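Given the sequences, and given the hints that come with them, work out the whole structure.
Chains H and V, in that order, give the protein sequences. Residues -11 to 326 in our numbering are what the first sequence spells out, letter by letter. Residues 879 to 1168 in our numbering are what the second sequence spells out, letter by letter.
No lab work stands behind these hints, which were simulated from the structure alone. Since the structure is predicted, the reported quantities are computational estimates derived from the model, not experimental observations.
Below, a sample of chain H positions facing chain V; criterion: calculated Cβ distance under 7 Å:
1) 93
2) 104
3) 127
Every residue, glycine too, gets a C-beta built ideally from N, C-alpha and C.
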Amino acid sequence: MSVTDGAGPAPAPAEQAIGVPADGMSHHGTAAVSTSGLTKRFRSGQLAVDGIDLHVPTGAVYGFLGPNGSGKTTTIRMLLGLLRPTAGSADLLGRTMPAAAGEVLPRIGALVEGPAFHPYLSGWDNLMRLDAADRTAPAATAKDRVLAALDRVGLTAAAAKRYRHYSLGMRQRLGIAAALLRPRELLVLDEPTNGLDPQGTREVRTLLAELASGGTTVVLSTHLLSEVEQVCTHVGVMHRGRLVAQDSLGALRRQGAARAIVTTTARHEAASVLTRLGMTEVLVSADGAGALLGDQDPAALVAALVHAGVPVTGFGTTGTDLEELFVHLTGEGFDVSG
Amino acid sequence: MSAVELEPTAEAGPARTARAAGAFGRLFRSELWLIFGRRRNWVGGLILASVPVLIAVVIKTSGAGEGDSFVFGQITDNGLFVALAALTVELPFFLPIAVSAIAGDAVAGEANLGTLRYLLVTPVDRARLLAVKLGGIAVFTFAAVAVVAGVGALIGLALFGAGDFVTLSGSSLGFWAGLARLALVCCYLTICLVALGAIGLFVSTMTEQPIAAGITVLVVTVVSQILDQLSQLAAIHRFLPTHYWLDYAAVLRDPVNLGDLGPGVASAAAYTAVFAAAAWARFSTADVSS
Ligand SMILES: Nc1ncnc2c1ncn2[C@@H]1O[C@H](COP(=O)(O)OP(=O)(O)OP(=O)(O)O)[C@@H](O)[C@H]1O
Ligand SMILES: [Mg+2]
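Structure (structure tokens):
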């Protein structure tokens, strides 16, 4: 799926047009998360999520982006069965939610809209309570799990402290520890690095990369585009409740306003080659020529230039900047959409 | 960093049932620990326990008063009556406050903290969560009644000794028979108050404000007691949740006719069932956006 027009309805990918059979198994064996026409209209009348078709391939690290109020958390709540969709359906790990919640959710770790724990219990006691709530978790090994989870997020030293005395970043770490209590096939993390110090942010990034390399699928909602560039393989962009873009990170970058920049003395020859190849916004500059890259393969482009006798002394692409693409997709406006 | 072992999750047959029961037990224990580990609830317990102490000390220092009710009049003869007197005066308001606070907190408290969403995605089945919460309310209710009765009995026996346990019918009972009657009163009042807890559980699923939920239940209790006083409304009295509460006096007759407690138990059971079902109807499909 490519960048779709934010104004019109997003065309449903062909494979999602199929209904869900009675056994609750979906047809998308390779999708960890797949939704079809997922919609939420709150009782206030607000259309927070408007018919989105998410597709998160198994093993992907999926960056779920969008301005404040664009519907990311609402979508995540529907995926996890906390909110009932007004319309549409959601499959997690190949099973339909919320019907299969009991079977599917133990295999999923989640952080939804920040951490939440009992303030007068310690971090340790809070995790023990969540572990006790999981009926698939054997009681005998509870302490080992809690110990390992606290260790993973660097909270061992603060385990006995009351949660109310935790700092913002410590709370966030405890939330991540809760998501990692069991081995998970899918992690759904809503702004996991919010409030973390640089070490914590880097640690979470390393942790995610590690989990992903171990086969865990990750859905990561975040506003930190540098984080996305570093860890994500796929990206979905929300805007006013709609999914306005969804693709692999590489493909999305290519769709951005990326430009090919040729450094050469034969500036005008280079420009005419670019024009001949069907490229747009061709400009001649002081030391060469440039054009919008579009879906041109840079390697083939250089070959074509050389073949046409243009002495290429340098070649590069710019505009792979995710931030520019994000602003392009979701508008310059700073105000949230009510 | 330590690796976490993959554990098998799929089981079948009896093993699975056994583990399900065990899992309920674990969450239930955690719930009790949450209730009884909370300082606020200890303070509440202390207030409940102070009433029998107050009664016993006042009567010890100034003697039995003129025109005391039956229960109060017996205190100087048998210390167990301190427990009964304390239960009598705490029943209209103090005990309902304790039960309302806990019941109102059940779901609304977790919603307010945001911990509800993490319990639900663990996942805890919504019916299981309500069952655990109602169970916690019931255990707390019994504990609250038992604290009042226990502290009352201890200080009463210490200050007044265990003389004749005179029944409403005028006969005398031995110490152990008297103690058994007291235990029976405790059980009956627990059943009555758990019905109030079930109303609280339902209200608790309607809001994210635990205090508001608790106050609502308290208002229901007080209004019910006021309506019960208006003879013009005699036709609806038997449907009021507090109407049968004072029937525990039947236990103090000799011989005791347990049938006299029947209407109260039936009313409490009906209230508990109806409001537990209403809580389920409301909560099973509710949007959790806290
Ligand atoms: N319970 C609710 N009732 C009514 N409207 C709601 C509710 N929850 C969210 N909304 C609205 O839905 C829209 C989407 O909210 P959501 O929390 O999903 O945004 P988000 O993309 O997660 O934003 P952020 O980046 O700020 O976290 C917002 O306009 C919000 O006001
Ligand atoms: Mg959000």
